Amino acid sequence: MLKVHRDICGYCGCCVSVCPEGALELIDAYLCVEKNCTSCGICAKVCPLGALEVVDEK
Amino acid sequence: MKNKYDVLVIGGGPAGAIAAKTAVEKGLSACLVEKRPAIGAPVRCAEGIGKEALHEFIDPDPCWISAEMTGASIVAPDGFLMKLESHLAGNKVGYILNRKIFDRQLVWKAAEAGADVAVKTRASAPIMENGCVKGAKIERCGHVMNVTADVVIAADGVESKFSRWCGIDTTVPVREIMSSVQYVMADINIDARSTVFYLGNEVAPEGYLWVFPKGERSANVGVGISGKKSGQGHRAKDYLDRFVKKTFPHGKPIEYIAGGVSVCRPLDCTVADGLIITGDAARVVDPLTGGGIYNGMYTGRLAAEVATECIGKEDVSKNALMVYDTTWRASKMGKAIERNYHIKEYLIKLPDPKLNEIIHSVSKINLREFTTLSLIKEIISINPKMMLELGVLAASIG
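Heads up: the protein sequence lines correspond to chains A and B, in order.
Residue numbers for the first sequence, in the numbering used here: 1 to 58.
Residue numbers for the second sequence, in the numbering used here: 1 to 398.
Treat the hints with caution; some may be incorrect.
What the hints assert, rightly or not - Listing some non-contacts, in silico: residues in chain B with all C-beta distances to chain A over 12 Å:
#1 172
#2 176
#3 181
#4 232
#5 256
As the list claims (entries may be wrong) - With beta-carbon atoms standing in for the labels, derived distance ranges:
#6 B:131 / A:27: 23 to 33 Å
#7 B:335 / A:57: 27 to 37 Å
#8 A:32 / B:92: 26 to 36 Å
#9 B:88 / A:32: 48 to 58 Å
It should be emphasised that the hints constitute simulated quantities derived from the structure, not laboratory data.
On a predicted model such as this, the values are computed, not experimentally measured, just so you know.
Backbone N, C-alpha and C fix where the C-beta goes; we use that ideal spot for every residue, glycine too.
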C-alpha cells in the first residue's frame, strides 16, 4: 500500500498528475489516497521530496 | 454563491481568473471556485514571464513585479557561461513576478468585473447528463451543493482532476513531468537583472536549474528534473540542496516549495460537451521552458470568448466548443508549443560534452527579439551542423 509521509509531503500535486489510476487527490494541504490505488509506485518515484513510499501490506 | 451560472470556472490561477473576468465582461454570469483557502499561495512557480507576453494582458504594477530583467545567462555543464542580452543594451526583456499578489490582483479584477468568487471551495465531481458536463458538485466547509452551468471551464492546474472525472485522460507520462523544488533564498550574491539557467546531467538531468532574481539579494532558486530520472537519493530536492550548498552556502531559504510541471504535448482534445480545459490542466505549458503563465492567461481568455459565443447560439456541444481547440492550436502559442516540444526532445538527448560544445560556440548573444525561437535560430546559425541533426524540425525553425 501507499504510505504518505505527511511530515515530508509538500502538497504540491506532482504525484496527482502522473497517477495512471486517478487515485490521488490533493485537498488543500492534504493528499488523499483512494481505494483504487494499485501501489504501482509511479508517484513515489516522481515525488520531488520523497514523501511517498510503497510499503508491504500487513 | 448561486446554484446556476452561465460559466463555472474551476481554479483560481491566472487561467481561471482571466476566464472568469472575460466571461463577465462579455455579459455572462460566472463563478470561480478555488480549493485553497488563499488565492496565490502556495506559489508553485518560478514566476518568470516575458515582457510582451505580460503586457498583452495587464500593465505591470510595482505591487506584483518583484524584479525587472535585462538579460539571461545559460551555464553549460562544465561551468562556461553564455550571456543573452537584448540588442538594445539594458533594455527590459522580462519580469519576475510576485505571484502571491499577481494572482490576487487577477482574481480581484474578475470579482470587480462581476464574477462570483469562492475560496476553500472545491469541485469534487462533475454533474453529467447524457455524457454532457452540466456543472459540478461543490464542497465548501462541510456543505455540498450542486452548481449547474452551461459551460464549465477547467483551470485546475497540473493536477487536472476535473477533466479526468469527466472521462478525459490527463495523466502526464513519467518522463514528461518535471519533478521540481524551489527555495526563495535571501542574502545571496546574484546579478539582480539577469535570470540564470544551469544545464547538465549533474545539475538537472533532462531539466534545468534556475536562479530567478526576486530583488537585489534574493532569488527563486529551483530545479526541475525528469520524473524518469527521479528516485530515492536523487530527487529534485537532492539536486537543489547540492547546488545551494556549493553556490550559496550562506544563503537563507525563506520559502520552500515543491511542484510538478508537465512538459508533454497538450491534451489530444481540450474540449468536451459542456467543458473547456485551459492552462496547465490542458497541458499547454511550454515544453522547453516550463513556462505556463502566459499560456494559461491566453487559453483562459479564449475559453471564455468561445463559451460566450456558444452559449449565445445555445450550442455547447463538443463540436461547437471545438473552435477553442482549433484556435489555440493554430495560434502563435500553439505553434510555439509544438516546435518547442521537438526542440526539447532534441536537447534532452544531447550528452553533456555536446551541450558544452554548443554553449562554448559563443559567449554572448544579442537578441533582437528575446524569445527562445530567436535564441535557437542564433545558436543554429553559429552551429550549422545542428540543422542536420534537427532534421524535419529545422524547417519549422526556418
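26 to 36 Å as the expected CB spacing between residue 92 of chain B and residue 32 of chain A, which holds or is violated: violated, 44 Å
Range agreement (Cβ of residue 32 of chain A with Cβ of residue 88 of chain B, hint 48 to 58 Å): holds, 52 Å
Assertion that residue 176 of chain B lies outside the chain A interface [Cβ separation over 12 Å]: Non-interface label on residue 176 of chain B violated, nearest chain A Cβ at 9 Å vs cutoff 12 Å.
Minimum Cβ-Cβ distance from residue 232 of chain B to chain A exceeds 12 Å: violated, 6 Å
Interface-negative label, residue 256 of chain B against chain A, beta-carbon threshold 12 Å: Label violated. Min Cβ-Cβ 7 Å, cutoff 12 Å.
Outcome of range test on Cβ distance (residue 131 of chain B, residue 27 of chain A; 23 to 33 Å): holds, 27 Å
Least C-beta distance from residue 181 of chain B to chain A larger than 12 Å: violated, 5 Å
Cβ separation check - residue 172 of chain B to all of chain A, threshold 12 Å: violated, 5 Å
Whether the CB-CB distance between residue 335 of chain B and residue 57 of chain A falls inside 27 to 37 Å: Given range 27 to 37 Å: violated, Cβ gap about 49 Å.
Going through the hint list in order, the structure does not satisfy hints 1, 2, 3, 4, 5, 7, 8.
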